[in-house]
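**Student:** Given next are the chains, with one letter for each unit.
There are 2 protein chains.
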Amino acid sequence: MSLDGFIATEDDDLSWLSKVEREGEDYGYEEFNDSVDTYIVGRRTYEIVCGFCDGAFPPAERHSCYVITRTPRQKENGVTFYTENLKKLLEELRQDEGKNIYCDGGAEIVKLLMEDNLIDEFRISVIPIMLGSGKRLFKGGTPMMDLKALPVVEYDSGLIQLRYERLGPS
Amino acid sequence: MSLDGFIATEDDDLSWLSKVEREGEDYGYEEFNDSVDTYIVGRRTYEIVCGFCDGAFPPAERHSCYVITRTPRQKENGVTFYTENLKKLLEELRQDEGKNIYCDGGAEIVKLLMEDNLIDEFRISVIPIMLGSGKRLFKGGTPMMDLKALPVVEYDSGLIQLRYERLGPS
Numbered sequence: 001m002s003l004d005g006f007i008a009t010e011d012d013d014l015s016w017l018s019k020v021e022r023e024g025e026d027y028g029y030e031e032f033n034d035s036v037d038t039y040i041v042g043r044r045t046y047e048i049v050c051g052f053c054d055g056a057f058p059p060a061e062r063h064s065c066y067v068i069t070r071t072p073r074q075k076e077n078g079v080t081f082y083t084e085n086l087k088k089l090l091e092e093l094r095q096d097e098g099k100n101i102y103c104d105g106g107a108e109i110v111k112l113l114m115e116d117n118l119i120d121e122f123r124i125s126v127i128p129i130m131l132g133s134g135k136r137l138f139k140g141g142t143p144m145m146d147l148k149a150l151p152v153v154e155y156d157s158g159l160i161q162l163r164y165e166r167l168g169p170s
Numbered sequence: 171m172s173l174d175g176f177i178a179t180e181d182d183d184l185s186w187l188s189k190v191e192r193e194g195e196d197y198g199y200e201e202f203n204d205s206v207d208t209y210i211v212g213r214r215t216y217e218i219v220c221g222f223c224d225g226a227f228p229p230a231e232r233h234s235c236y237v238i239t240r241t242p243r244q245k246e247n248g249v250t251f252y253t254e255n256l257k258k259l260l261e262e263l264r265q266d267e268g269k270n271i272y273c274d275g276g277a278e279i280v281k282l283l284m285e286d287n288l289i290d291e292f293r294i295s296v297i298p299i300m301l302g303s304g305k306r307l308f309k310g311g312t313p314m315m316d317l318k319a320l321p322v323v324e325y326d327s328g329l330i331q332l333r334y335e336r337l338g339p340s
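Protein chains in written order, with the numbering used here: chain A, 1 to 170; chain B, 171 to 340.
Just so you know, the hints here were simulated from the structure itself, not pulled from any lab data.
In the BS3-like style, the derived pairs of lysine-lysine whose C-alpha atoms are separated by at most 30 angstroms in a straight line are:
1) B/309 x B/269
2) B/257 x B/245
3) A/148 x B/309
4) A/75 x A/87
5) B/257 x B/305
6) A/19 x B/309
7) A/88 x A/99
8) A/135 x A/88
9) A/135 x B/305
10) A/135 x B/318
11) A/148 x A/88
12) A/87 x A/139
13) B/305 x B/245
14) B/281 x B/318
15) B/309 x A/111
16) B/258 x B/318
17) A/139 x B/281
18) B/189 x A/148
19) A/19 x B/318
20) B/281 x A/111
21) B/281 x A/19
22) B/281 x B/269
23) B/189 x A/139
24) A/148 x A/99
25) A/111 x B/305
26) B/305 x A/148
27) B/269 x B/258
28) A/135 x B/281
29) B/305 x B/318
30) A/111 x B/189
31) B/305 x A/139
32) A/135 x B/309
33) B/305 x A/87
34) A/148 x B/318
35) A/139 x B/309
36) A/135 x B/257
37) B/318 x A/139
38) B/257 x B/269
Only chain A is shown next, with the shape it has when bound in the complex (with noise of 0.2 angstroms):
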């Protein structure tokens, strides 16, 4: 996010992420994705990182997606849709001891899972720029939640990784 909390401008606009790109460096990105088995994301953000790939969804190459959506739809691209609640495919996912799910992508999935309190790890890339105004990553309306402060990460761009794991309902 930026440092005042936005994830995207008004009208989606992502290239101010650019300012942090550079060669070689992830952010952590790719020893993060090995460990995760199950990636979850909102149907805006599949949407938008199909229309970067010519229409396919890498993430379904490396592990179980479901797009969570409200519109039924058949599976596409080694992609469930779920159309159910969150919560409710977040407790059958979690049966299976030592499952790491990666719930990605914008602030409605985020508000949906605070609201149930499901988020057990924040890890947020803080990009060196104010935006000013646009779409932000927490939207309210979410219950007070107590964490715990881990490691922070700063890289040579100015972009600083926070990473706190939850304490329990505050």
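Fit chain B to the given chain A structure using the hints.
**Tutor:** Just chain B now, with coordinates in the frame of chain A:
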């Protein structure tokens, strides 16, 4: 602010800040305060501080103080109430070389300052909590601004202090 960007709950509760209260730890406040000669604060924050301090306003003992307000008011507590344009005040103050001006408190004043690109340095203390809702530090509706990340300071309590310099409009 909380990790999700709030500086108070909807009803101005600040008790969540006690989470990071530590005997003898002021998070660099005194050192920073020593470097300041002029202190500017919003009217709401001014009144909250006076409420905590039996009607007194301690910063006025050390600094030249201005309270930004819409309602003209007689000088009190060593404080000048300023109803004109904040930009004008800062331009006047900056004519004296070496002025370190500390603008404290509240989203209103942050927004006014950001609208006119008047903040040179940001220090944001992130408290390890999600408030979920409340009053935001960054209200939106301000211009885009490029920042340079300075070293992060991590405290045992979990408070993380982010520091940025303004690089000019992005």
